Every structure is written in structure tokens, then in C-alpha cells.
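*Asks:* Given next are the chains, with one letter for each unit.
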Amino acid sequence: MSENEQKDSPEQSSFRKYCRNWLSGHVPLPPAFRLPQSAMEIMTQEQMDYLCRWQKSAYDAGLVGCDYPGEYGGFGRTNCQRIANEEMHRAGTPYFPNVIALGMAAPTLFHHGSEELKKRFIPKILSGEEIWCQGFSEPDAGSDLANVQTFAEKKGDNWVINGQKIWTSLAMFASWMIILCRHDRSDKYKGLTYFIVPIKSALGKGVDVRPLIKMTGETGFNEVFFTDLEIPDSYRLDKVGNGWQVAMTTLLHERGAGPLITPTAGGQTSRSSETTYNAMTLVDLAKKSDRLGKTAADDPVIRDRIMSLVIRQRGFMESLRRSRVKGLADHPMRIPLQGKLVMSELVQDIAALALEIEGASATLFIADANAPAGGAWPLAYMNSFGGTIAAGTSEVQRNILGERVLGLAKSK
Amino acid sequence: MAQPSDFGYGMEEQILRAEARKFFKDTCDELRLMDLVAGKTDPHREPECLWDKKAWKKMTDLGWTTLAVPERAGGIGMSAVAVATLVEEAGRAAFPSPLISTINATYVLSACHTKNADAALAEIADNRTAALAVTNRKGSWSSSDTDVSASHANGVITLNGTAWFVQDARKADFFVVAAGSNDEVGLYVVPADASGVTVVPDAIVDLTRDQAHVTFEGVEVGPACTAADPGSGSLALELGLPAVLTMVSADMCGAGEWQLQTTAAYAGKRVQFDRALGYFQAVKHPIVNMMIMIDSARSLVYNAACAMDHEPEFSSVYAHMAKAAAGDMAAFCSGRSVQYHGGMGFTWECFVHLYFKRQMHNQVLYGDAAHHRVKLADFFMGPPRG
Numbered sequence: 001m002s003e004n005e006q007k008d009s010p011e012q013s014s015f016r017k018y019c020r021n022w023l024s025g026h027v028p029l030p031p032a033f034r035l036p037q038s039a040m041e042i043m044t045q046e047q048m049d050y051l052c053r054w055q056k057s058a059y060d061a062g063l064v065g066c067d068y069p070g071e072y073g074g075f076g077r078t079n080c081q082r083i084a085n086e087e088m089h090r091a092g093t094p095y096f097p098n099v100i101a102l103g104m105a106a107p108t109l110f111h112h113g114s115e116e117l118k119k120r121f122i123p124k125i126l127s128g129e130e131i132w133c134q135g136f137s138e139p140d141a142g143s144d145l146a147n148v149q150t151f152a153e154k155k156g157d158n159w160v161i162n163g164q165k166i167w168t169s170l171a172m173f174a175s176w177m178i179i180l181c182r183h184d185r186s187d188k189y190k191g192l193t194y195f196i197v198p199i200k201s202a203l204g205k206g207v208d209v210r211p212l213i214k215m216t217g218e219t220g221f222n223e224v225f226f227t228d229l230e231i232p233d234s235y236r237l238d239k240v241g242n243g244w245q246v247a248m249t250t251l252l253h254e255r256g257a258g259p260l261i262t263p264t265a266g267g268q269t270s271r272s273s274e275t276t277y278n279a280m281t282l283v284d285l286a287k288k289s290d291r292l293g294k295t296a297a298d299d300p301v302i303r304d305r306i307m308s309l310v311i312r313q314r315g316f317m318e319s320l321r322r323s324r325v326k327g328l329a330d331h332p333m334r335i336p337l338q339g340k341l342v343m344s345e346l347v348q349d350i351a352a353l354a355l356e357i358e359g360a361s362a363t364l365f366i367a368d369a370n371a372p373a374g375g376a377w378p379l380a381y382m383n384s385f386g387g388t389i390a391a392g393t394s395e396v397q398r399n400i401l402g403e404r405v406l407g408l409a410k411s412k
Numbered sequence: 413m414a415q416p417s418d419f420g421y422g423m424e425e426q427i428l429r430a431e432a433r434k435f436f437k438d439t440c441d442e443l444r445l446m447d448l449v450a451g452k453t454d455p456h457r458e459p460e461c462l463w464d465k466k467a468w469k470k471m472t473d474l475g476w477t478t479l480a481v482p483e484r485a486g487g488i489g490m491s492a493v494a495v496a497t498l499v500e501e502a503g504r505a506a507f508p509s510p511l512i513s514t515i516n517a518t519y520v521l522s523a524c525h526t527k528n529a530d531a532a533l534a535e536i537a538d539n540r541t542a543a544l545a546v547t548n549r550k551g552s553w554s555s556s557d558t559d560v561s562a563s564h565a566n567g568v569i570t571l572n573g574t575a576w577f578v579q580d581a582r583k584a585d586f587f588v589v590a591a592g593s594n595d596e597v598g599l600y601v602v603p604a605d606a607s608g609v610t611v612v613p614d615a616i617v618d619l620t621r622d623q624a625h626v627t628f629e630g631v632e633v634g635p636a637c638t639a640a641d642p643g644s645g646s647l648a649l650e651l652g653l654p655a656v657l658t659m660v661s662a663d664m665c666g667a668g669e670w671q672l673q674t675t676a677a678y679a680g681k682r683v684q685f686d687r688a689l690g691y692f693q694a695v696k697h698p699i700v701n702m703m704i705m706i707d708s709a710r711s712l713v714y715n716a717a718c719a720m721d722h723e724p725e726f727s728s729v730y731a732h733m734a735k736a737a738a739g740d741m742a743a744f745c746s747g748r749s750v751q752y753h754g755g756m757g758f759t760w761e762c763f764v765h766l767y768f769k770r771q772m773h774n775q776v777l778y779g780d781a782a783h784h785r786v787k788l789a790d791f792f793m794g795p796p797r798g
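Respectively, the protein sequence lines represent chains Y and E. Residues 1 to 412 (this note's numbering) are what the first sequence spells out, left to right. Residues 413 to 798 (this note's numbering) are what the second sequence spells out, left to right.
Treat the hints with caution; some may be incorrect.
Said to hold, decoys possible - Distance ranges between label pairs, derived from CB positions: (1) Asn21/Y <-> Pro795/E: 42 to 48 Å; (2) Lys7/Y <-> Lys437/E: 31 to 37 Å; (3) Ala352/Y <-> Pro635/E: 39 to 45 Å; (4) Ser563/E <-> Ala352/Y: 55 to 61 Å; (5) Ala694/E <-> Asp144/Y: 39 to 45 Å; (6) Gly680/E <-> Asn79/Y: 45 to 51 Å; (7) Glu115/Y <-> Arg444/E: 55 to 61 Å.
Claimed, not checked - Here chain E is said to cover these stretches of chain Y; the calculated rule only asks that three of the stretch's residues, wherever they fall, bring their Cβ under 8 Å from a Cβ of chain E: (8) 11-20; (9) 307-313.
In short, the hints are calculated from the structure, not lab data. Predicted, not measured: the structure shown is a model, and the values here were computed from it. Idealized CB from N, CA, C, for every residue including glycine.
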């Protein structure tokens, strides 16, 4: 038995058996086409359809939304989503495509949505029938998120939305968006209100989605333009002027602190077995790589630097474990708020070192037949900047940690 | 065997931490520590051995020095995770005492599994203090490198040579000495006041500890002093080493947390350019980096300690990880703590140099970060060729 199994409650234990049994016959066959490293990089409809079919079958089997209440389409269990996630990981399933909905929209609706919205939307988030995207960043509101200018004007019982969002992952597949808007230009923070808006059904009727090309040449995120999009007041989350507080709930979940306060909706957001996320894969890479006539694995400098990353990776894993232990976690947010920062910088440093190990061959990109690992490392290195920039840059994360956990003065 | 997901850190450990933190606050706050160890500033002064024996007596009355002693030898036999908790709090107070040296000797003696070693453990359970005397002039604690020899004749063992870098040597009642006989190494329990033993204090940077080299000139001990026979001493030392690394790393994490909290507090109250220092990201972000490095090292310490309790086959690898992470962390935290206290941080008057120096000492004790990464690379990658 693994260490996790030993700690299972009776409910968790029997649920784990159920998951294992179901998964033994229901892990989908790998597709004929290539899947991206995570759901955030889904590019084609056939990738999306394949992953949506998987999420729906897992939902129908009760492996998504395990801990959400039944009236919102969940299964009303206690602390069982983690069990399902562990078993899915163990079985090597694909990831779920509806990551923004599961990780951010569902918990935000759960805390701030009306009963009507929760009952209407959470079930289809869990089943993956409706994909969601997140409308936060704008051309002039990145790290300074509260500077959003997309305007919501009250018109009778409705709101009219005008403006532009950017870096919007999954928008080209999305039915719905969670969106932070400005309703009052006179107050930076209190002038914000939070809504949900339709995307797919409003395309060409007030909503326009244009793909952006990343530095890698891949697509994956978009610009979304709103021109006089009219929505009912019932699509508002929380009070007018409370948009910033609602956005904080979303961000808390985006940055990894969600499980402390909200049932986890489910799923792995990426293949954590993905080789470019694991420092130990550098050991094999170094054994195979020749640097000026000497195997990289025999170079003491390379050895030292690989071990530094292996230690950092293990250290963070053990920190996640420690953050759940009463009396060993200090400030409750201290480790959870480090998650995104530490992992994204680690992934970047792993890829950077891989390129050094590859030496001259690191110039060969994914279309080159001679590229080691199919060009995965240059691709991973470039994509790693998505990690250190998106969802609050590393610089913003350090501000948040310094201010919230260490009580340092707020930086403008 | 597998580790419990909570490191085996339960209610007892929580209580121990709370009591330890209160104890060190009451007996060894920064002002008392400064009074105790920093009275003399002259860098050429005679090496001192400054510690609060009354506080030590209070601690032994609480039984804390016997936490690591197995029950078979009359100790409390608590988990390594519990012991690490205590050591971490002692490090947070930079507590001058033979606590860590005694605990380290305890783990090495426990690994001997002999009647004589257990008798020495019983002495520790009876509040006697001990220190490892296993390191040679060049700083190697690899048993085969020992500069002490043991000759066996007519039931008498005679020790000759010098053990170097002995921690808290002047506070120790007895030494656990690694000594070679031909090509084999044994471990011997030698009272500090035995005839022929001379403790020569080193003039060290760290004010919160003492260190010495200990010479053995024809020191004669009886067979009952043999904790591990020639041939089995190396293994006992090797088995005890993960604990030694883990406990030194725990001390570093406690000291690092003090450096973090003290520096963050100062950055909160020191005003320049009409702003608290912590407002400036050039200061704020590296302070956050201190925290990130501490958290990583601390998690690896508890992982290594828990491995000693539940997964001993991995304790060595995890201990190397802990000491490597703690070494880099301590160097970074020490540097930042002085730098962000500005001109004051550079003075004798400011407390930060006490921890800076303790960390300098800790960083190199039983191998620095680079050394432990070499060990890990050999384990994960195989030894380098060529």
C-alpha cells in the first residue's frame, strides 16, 4: 500500500477501490495525433473532442466533482476528489480539457454565484460539456490587473459590455467566460464588477475571438473583443463593485491555494509525468549527450547543477506534503502561494539546463529529424515563459508572498 | 516500509515544539544570548566556552537531551522527527549548548548495537554530555581517514593521535572516538578527563559554540569502552551519519527562520526615501527568496528525519538532500540578513552576526552543499568516468 492509501478514511478507501476498478477498463487509447503538454495548449478541435469525451466518461463514472454537492451536479463525497486524481494519475489517463472551468470558474461560482447560476453551470463544467475561459488580462492590465478597462454599462435590467481581453486560453473552444469588468471609472478597485458572459453563442454578435501566435509558432491563446454585448443582470457574480474580491477568489485558486477553502473539482491539469517537468529526466539526457567528446553525465559542473534541480524539485514536493500537516505549515498560505512561482521557475530552469546539456543539438527544433527528444526541450524552454508570466508574473507572485505572508509594505 | 504522509508529526511533536519555543524564549532571547556570548569583541582573544549551565540543567530536567536515546538504554526513544523539531527550535534560538553534539553522538552510539555502546547511551540518559571525535586534520569524517590509532594489548586499548573539529568539546563529558587499528576502525568511549586527553580549543568564528582538537597521548581505556569493535566502527558511523546531517540541517532551518523573521521585521520598520524598506522590490523579492529556500530545506529535513523513522534505506539520500538545501539556504539567508540591516547589520551591536556566524559554521559542518550534491550525483547518476 502507498503512504496515501494508509491514511484513507473508510469512504476514501472504498472509493479508491471503485476508481481503480473502473479505470482498469476505461482509460482511453492514446489518439493517433499528438496531444499538447497541457490543456492550456490545446490547438485543434480533434484534440478537444478527444479530451472532452474522456472528461465526460470520467464524470459519468463519478470521478469528477466527487466532493461537490449533488444539487450542483457533484457526488457529495468527502475528500474523495484527491483519491480520484491519484488513481487517474496512477492509471496514466489523459488530462481533462476543461481546466479553467474546473480550477477557477467552478470555485468562483461556488463562492459568489447565485443558486440559480450554480445549478445551471457547475454540472456542465464537471461533465466538460461546456468549456470555459477566463477574461482577466487586457493590453493595459497585466500585472496591474485592477487596471482593467473593459466596460460594463447598466442598461435597464441588462449590462452592455465593450472592450478587449487578451492572452485568453481556450477562448476558441469556450462556451462561457468569467470576466472582470469596470462599471465605474472613478474608483480603481470598487469600480470593478464580475460577470459570466457567453462566448460561443455570441460569436459575431458582440463577441469576436482572434487567435494569437506564441513565440513557439503554436497557437493556444487569443484576443477576445466585446462590442455592445448585452447580458442579463443575473449573470453578475456578487454585488456591483465587489469584482475585485471575486477576482481574488479566482486568483487564489489559479495560484494553487484553492483546496484549502473549496472542494476540488477534479483532474490533473497536465501530465505530471511529462518529461520536461521532471529534473530526473536530465540524468538520462546527460548520459546520452556528448559535450565536446565527453559525456555530459561525467562533467562535474553538469552533475552539480542537475542535482541542484533534483533537490529543488524534491524540496517542493515535500513542502506540499508539509503544508497539509498541522503544526508544520506555519502561515496557512505560505506554501500554497509559492506553488505557481516555484514550479514555473523550476520548469524553466530544468529546460534551460537541458539545452546546455544538449549543446549544439539544442539548436534543432521540433521539425528536425535529428533533434534530440524530438525538439521537446527548446519547445519546453520557450513555453516555460508562459508559466512565469501567466497568472501573475513571478515578480507579482513575490510581491504577494512578501506582502501577505511576511507583512512587508505593499509595492505599488 | 513507506513514510506516513504527515511525517509522523503529531500532537506530541506539536506540544514539544510549543514548549521548546517557550523554553528558548524564556532562557535565551536575543538580549540574553548577546550578553552571554558577545561580551568580548577582540578577534585575538583567547577562545571561550560560553554557555548557560543553569538553562542546560533546566533542559536536562525536562528530559530533552534524552529524547533520542533508545528506550533500551533508559532514554525516551522519541522519533527522529520529534528530535528534529527540538533541534530546529534550538537553532532558532542559536542556543549555546552541547545539545546537538550529544544528539549526534547518541545516534552514532545507537547504530553500534553493542552492550558497551548502550552503556554509554545510558550515561546520556543520565544527563551526561557527549561529542563525536571522528574528524581528521583535513576535515574528513570518513572513518578510514582518522588521525587516531588504537592499539590493543593485554585487554588494554591505547589511543594515540588527534581528533579535529570536535563540536562543543569543552562542554562534553565524554568523546566517541574513531580510531584505526591496522586497516580497521573502531569506536571508543573516552571520558574527557581521562589521563592523556587534552582538549585544545580552536579560535572559531561562531560565538554560540565551542570547537577544539582533542589529542590522545597514550590514553589507556578498558575493553568496556569499545562501543564498536575494529571493523564495525565504520558501519556504525555510516549508519549514524544521516542523523548527524539531518540534525545539523534542522538547526540551520531554525536559524534561517530567525534570520527571515528578523529581517522581514526590520524591513517593515526601517524607513528610507519615506518608505519602509520592504516596499522596495529590490529588498522584498530576495526576502521572499529566503522564505522559499527555507521552506524547501525544512521540508527536506522532515523528509529525511521521517525516513530515519520509517524508511531507513533512503535516509542517507534524503539527508544529503537536506544538508545540500540547508547549506545553500543558510548562505543566502545569512548574506541577506546582514545586507538588509544595512550599516547596523555590519556592527557587533546588531544581533544578526550571531546567526550569520552560527550558519557559517553549520554550512561546512559535515560537508557543504557542493559536497552533498557530489554524493547525490554518484547515487543518481553513478560515479563519473574519466
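*Asks:* For every hint, state whether the structure bears it out.
*Replies:* Tested hints:
1. At about 45 Å, the CB distance of Asn21/Y to Pro795/E agrees with the hint of 42 to 48 Å.
2. The supplied range of 31 to 37 Å is met by Lys7/Y and Lys437/E, whose beta-carbon atoms lie about 34 Å from each other.
3. At about 59 Å, the CB distance of Ala352/Y to Pro635/E disagrees with the hint of 39 to 45 Å.
4. A hinted range of 55 to 61 Å holds for the C-beta pair Ser563/E and Ala352/Y, which are about 56 Å apart.
5. In this structure the supplied range 39 to 45 Å is violated for Ala694/E paired with Asp144/Y, their Cβ-Cβ distance being about 19 Å.
6. Taking 45 to 51 Å as the suggested C-beta distance range, the pair Gly680/E and Asn79/Y does not conform, at roughly 38 Å.
7. The supplied range of 55 to 61 Å is met by Glu115/Y and Arg444/E, whose beta-carbon atoms lie about 60 Å from each other.
8. For the segment 11-20 of chain Y, the proposed coverage by chain E is not satisfied: 0 residues have a C-beta within less than 8 Å of a C-beta in that chain, short of the threshold of three.
9. Counting residues of the segment 307-313 of chain Y whose CB lies closer than 8 Å to any CB of chain E gives 5, so the stated coverage by that chain holds, three being the minimum.
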